[in-house]
Every structure is written in C-alpha cells, then in structure tokens.
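In case you want the letters, here they are:
2 protein chains.
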Amino acid sequence: MKKNNSVSISVIKRLPKYFRYLNTIADKGIVRVSSKELSEITGLTASQIRQDLNHYGCFGQQGYGYNVRELIDELANILGINRQYSVILVGFGNLGRALYNYQGFRNSGYSFKAIFDRKPEIIEGIEKDVEVFPADHLKEYLKRHKIDIAILAIPKENAQDVCDTLCEGNIKGIWNFVPDDLKTKNNVVLENVHLDESLFTLTYFMNNPNDFNFRD
Amino acid sequence: MKKNNSVSISVIKRLPKYFRYLNTIADKGIVRVSSKELSEITGLTASQIRQDLNHYGCFGQQGYGYNVRELIDELANILGINRQYSVILVGFGNLGRALYNYQGFRNSGYSFKAIFDRKPEIIEGIEKDVEVFPADHLKEYLKRHKIDIAILAIPKENAQDVCDTLCEGNIKGIWNFVPDDLKTKNNVVLENVHLDESLFTLTYFMNNPNDFNFRD
Numbered sequence: 480m481k482k483n484n485s486v487s488i489s490v491i492k493r494l495p496k497y498f499r500y501l502n503t504i505a506d507k508g509i510v511r512v513s514s515k516e517l518s519e520i521t522g523l524t525a526s527q528i529r530q531d532l533n534h535y536g537c538f539g540q541q542g543y544g545y546n547v548r549e550l551i552d553e554l555a556n557i558l559g560i561n562r563q564y565s566v567i568l569v570g571f572g573n574l575g576r577a578l579y580n581y582q583g584f585r586n587s588g589y590s591f592k593a594i595f596d597r598k599p600e601i602i603e604g605i606e607k608d609v610e611v612f613p614a615d616h617l618k619e620y621l622k623r624h625k626i627d628i629a630i631l632a633i634p635k636e637n638a639q640d641v642c643d644t645l646c647e648g649n650i651k652g653i654w655n656f657v658p659d660d661l662k663t664k665n666n667v668v669l670e671n672v673h674l675d676e677s678l679f680t681l682t683y684f685m686n687n688p689n690d691f692n693f694r695d
Numbered sequence: 480m481k482k483n484n485s486v487s488i489s490v491i492k493r494l495p496k497y498f499r500y501l502n503t504i505a506d507k508g509i510v511r512v513s514s515k516e517l518s519e520i521t522g523l524t525a526s527q528i529r530q531d532l533n534h535y536g537c538f539g540q541q542g543y544g545y546n547v548r549e550l551i552d553e554l555a556n557i558l559g560i561n562r563q564y565s566v567i568l569v570g571f572g573n574l575g576r577a578l579y580n581y582q583g584f585r586n587s588g589y590s591f592k593a594i595f596d597r598k599p600e601i602i603e604g605i606e607k608d609v610e611v612f613p614a615d616h617l618k619e620y621l622k623r624h625k626i627d628i629a630i631l632a633i634p635k636e637n638a639q640d641v642c643d644t645l646c647e648g649n650i651k652g653i654w655n656f657v658p659d660d661l662k663t664k665n666n667v668v669l670e671n672v673h674l675d676e677s678l679f680t681l682t683y684f685m686n687n688p689n690d691f692n693f694r695d
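Line by line, the protein sequences give chains A and B.
Quick note, my numbering runs 479 ahead of the 1-based positions in the first sequence.
Quick note, my numbering runs 479 ahead of the 1-based positions in the second sequence.
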C-alpha cells in the first residue's frame with residue numbers, strides 16, 4: 480500500500496463508509512464493482528471515489544472496475560481493521576455496558592482485557608468475561624499490561640485525569656465517549672463520539688430543514 | 480436570529496462545540512468572553528469563530544467580546560435545544576438502554592413517550608418509566624401520537640422498513656445508531672451515529688499517526 484501525502488480528514492472519514500458499502504455488496508455475492516456503481520450506492524461522484532481510493536494506491540481496472548473482495552482487504556489493511564487490538568473499558572455504566580456488548584467489537588480483532596470502574600462492587604452479577612478493577616488500579620495495570628485501545632465512558636468530571644493516566648500508560652488510542660475535549664499526549668490518538676453534539680445537530684436540522692437538504 | 484444562506488455543514492458541526500465550551504466557562508462563573516479567548520479554548524482561529532457566529536447574527540462587541548449567557552441562549556435557540564421534543568426509542572437492546580438512560584436526554588427538553596422492541600416481554604423487570612410496545616405496534620402508535628424524534632437502535636436487518644414506517648408516521652427526525660445508510664422521506668431529518676466508522680477511524684489514525692497530527 481502506497482499512500483500519497485496530504486490526505487484530508489474528509490477522505491479518511493469516507494474510507495469506513497466504502498468499507499461498509501463494499502461488505503454489503505460482497506454479502507450479496509457481487510464480485511466486482513465499478514466506481515460508477517459505487518457512485519450510485521454512495522451518492523458520491525465516481526471521480527471522487529476513484530480519487531479517494533487512488534490516494535491509497537487502490538486502482539480500479541479500466542473496463543473492469545474493482546474486485547470487491549480485494550478492495551475490502553485493501554481497505555481493511557488501510558483502516559487497520561485486520562489487526563488484533565487489546566482493549567480496556569474505563570467506565571461500566573449504561574453506555575460502557577452497551578459498548579462492552581457492541582457487536583462491532585465482538586466480531587473482529589478487538590479483544591477486551593479488563594474493565595475499570597469507580598465502583599467495581601456494583602458490577603458484580605452483571606455478565607462479563609473479563610476481570611473488573613477499581614478505577615484507581617488503572618495506572619498499575621497499565622505498567623504490567625500492553626494495551627492498545629482504551630474506551631472511555633465515564634462522567635466528565637475527572638476524565639482528563641484518567642486520560643492522562645492512559646497516555647502515560649503507553650496505550651495507542653482512546654475511543655472517547657466523554658462529552659468533553661480531552662487532551663492527549665505521547666502521540667496517543669483520540670477519537671471522539673460526542674453524542675450530545677450529534678443530538679444537537681439533529682435538532683438543528685429539524686429546525687433548519689433547508690440546511691439539511693443542502694448539506695454537503 | 481437572522482441567518483445568512485449557504486451555511487456549510489462544517490459550520491453547523493461547530494455550533495454544538497461552541498455551545499459546550501460556553502457552558503463550561505459559564506459554569507466557572509465567566510460572564511464575558513472574546514473570540515480570542517474562545518480561540519485559545521477551541522483551537523480554532525478567532526476570525527473563524529467570529530465568522531461562524533456572524534452567520535447566525537451573533538455579533539460580539541468590539542472591546543467587550545460576547546456575553547457568555549446571551550451567546551449560550553442564542554446558540555440554544557439556533558440549535559433548537561430550548562424546545563420540547565417528544566421522543567420514542569425503537570430497539571431496547573444494550574445500546575437502546577444506554578440511550579434511554581443517557582443524561583443528555585434526562586436534563587433537557589427531550590421527553591420519552593414510548594419504547595418499541597421486537598420482544599417487549601424480555602424487557603419486563605428492567606427499570607423504565609414509559610410503556611413498552613411490540614415493534615409491530617409502531618405504525619398504529621404513530622397514527623395516534625405526535626412524535627418529534629425517533630431513536631433507532633435496532634439491528635441492520637429490517638432497519639429501512641422501520642425507517643419507512645417512521646417517515647410515514649409524521650415524525651421530524653431520526654437519531655440513527657444502525658450501522659447502515661437509511662433513506663428518509665417526507666423531509667424527515669436523519670442524523671447518524673455510526674460507531675463502527677468511528678472505531679475504524681481510530682484504528683486508521685493509530686496505524687497512520689502522521690495523518691492524525693496533520694488532520695484538519
């Protein structure tokens with residue numbers, strides 16, 4: 480995989496979509512697809528799609544298009560989905576539990592190693608197949624275990640402190656569900672799911688329907 | 480509130496962020512803020528912030544900046560947060576339960592009216608304060624009740640059918656957690672939370688750290 484420089488966040492954000500579309504058509508038994516066909520499914524222009532995929536060295540063949548299976552494999556590789564990740568979950572409230580049971584994790588290379596919660600005692604009795612530790616064991620735990628991803632699903636109050644502990648504990652990425660802008664260090668990657676912002680975007684468009692029709 | 484035309488999705492997506500930042504500083508007792516100070520908190524340029532807010536007729540005062548409380552109220556109005564919304568939840572699995580208990584809902588003008596699930600009998604015994612109906616009652620229910628927002632947290636399989644029922648049932652917006660691209664009609668607004676895409680974006684950046692540092 481050869482990648483050009485200066486790839487924009489918009490391109491990157493489209494890659495998981497392509498991956499999803501391609502898996503959907505692969506499930507239907509489709510073995511090849513043209514950028515024109517992808518354009519019809521995605522609503523993006525064929526030229527945009529070709530350009531996005533060219534960025535990552537995925538070139539279709541004139542008159543043939545893309546081999547669906549090969550393109551899925553290439554995208555899985557680009558997105559890093561075809562690797563194994565060790566994961567811890569910090570915060571086992573309602574959302575944490577939902578994420579723990581999230582099928583997207585269950586069916587892929589993400590492997591839960593531990594759960595941390597301020598009140599591990601209240602978690603007893605809930606179905607789970609990894610050990611639960613008190614939140615203040617996090618620092619020690621990270622000294623002894625190599626963890627790739629931490630899912631952060633705790634209240635806002637001391638989220639930055641926990642984030643600091645994670646960054647000092649040699650993790651690589653944080654999937655953050657805390658409604659706050661956390662600062663990471665040591666090159667730890669941060670990906671936010673800000674549910675409140677998404678909900679407000681919904682109500683914005685409900686109140687400004689014209690903007691919804693003309694959104695880009 | 481007067482709004483200029485041709486507001487881009489990027490501007491709209493920043494509004495909830497401004498709203499959040501402003502609430503954070505209001506909680507600290509800060510009563511006025513300059514675009515320069517907002518710039519330091521948000522990482523956006525002061526000129527970008529002024530331009531975004533000007534779009535919506537929110538003008539700061541030279542030498543004073545913005546009154547924090549007033550700007551929060553204006554943004555709440557623009558985002559439609561200061562209104563009442565009747566909400567139904569479709570799908571009461573792990574994620575549905577987490578969303579049902581989501582504090583962002585609990586503290587604001589969103590009022591849950593009903594829950595729908597394919598297997599309402601398995602929900603018995605779970606704490607909730609609204610009625611639970613079998614999924615196939617949805618169409619009839621929407622004929623008799625005026626609902627603004629439906630939260631969709633069901634598996635992908637027949638999500639488009641449910642989406643069609645919602646759109647024909649005169650709702651105004653769908654907050655979609657199904658990992659699929661649903662098509663709405665009758666001007667129903669759709670806002671997606673695609674957890675799988677977010678997770679793949681995280682692993683992408685973990686595997687392409689240079690792109691993370693230079694993301695726009």
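If you are wondering where the hints come from, they were derived from the structure by calculation, not from laboratory data.
This one's a predicted model, so the numbers in the text were calculated from it and none came from an experiment.
Hints are not guaranteed to be accurate.
Since the list gives no way to pick one copy over another, a pair counts as held whenever it fits inside one copy or between any two copies.
Claimed, not checked - Distance condition first, Cα-Cα at most 27 Å in a straight line; then the derived DSS-like pairs of lysine-lysine:
1. Lys625 - Lys515
2. Lys492 - Lys622
3. Lys507 - Lys662
4. Lys622 - Lys598
5. Lys492 - Lys664
6. Lys592 - Lys625
7. Lys662 - Lys515
8. Lys662 - Lys492
9. Lys507 - Lys664
10. Lys507 - Lys618
11. Lys515 - Lys598
12. Lys598 - Lys635
13. Lys496 - Lys618
Tested hints:
no.: 1; hint: Lys625 - Lys515; in the structure: neither (44 Å within a copy, 41 Å between copies)
no.: 2; hint: Lys492 - Lys622; in the structure: neither (33 Å within a copy, 38 Å between copies)
no.: 3; hint: Lys507 - Lys662; in the structure: between (43 Å within a copy, 19 Å between copies)
no.: 4; hint: Lys622 - Lys598; in the structure: within (22 Å within a copy, 44 Å between copies)
no.: 5; hint: Lys492 - Lys664; in the structure: both (23 Å within a copy, 25 Å between copies)
no.: 6; hint: Lys592 - Lys625; in the structure: within (10 Å within a copy, 45 Å between copies)
no.: 7; hint: Lys662 - Lys515; in the structure: between (41 Å within a copy, 20 Å between copies)
no.: 8; hint: Lys662 - Lys492; in the structure: both (21 Å within a copy, 20 Å between copies)
no.: 9; hint: Lys507 - Lys664; in the structure: between (43 Å within a copy, 25 Å between copies)
no.: 10; hint: Lys507 - Lys618; in the structure: neither (47 Å within a copy, 30 Å between copies)
no.: 11; hint: Lys515 - Lys598; in the structure: neither (53 Å within a copy, 41 Å between copies)
no.: 12; hint: Lys598 - Lys635; in the structure: within (16 Å within a copy, 34 Å between copies)
no.: 13; hint: Lys496 - Lys618; in the structure: neither (36 Å within a copy, 30 Å between copies)
Consistency note: the structure conflicts with the earlier hints numbered 1, 2, 10, 11, 13.
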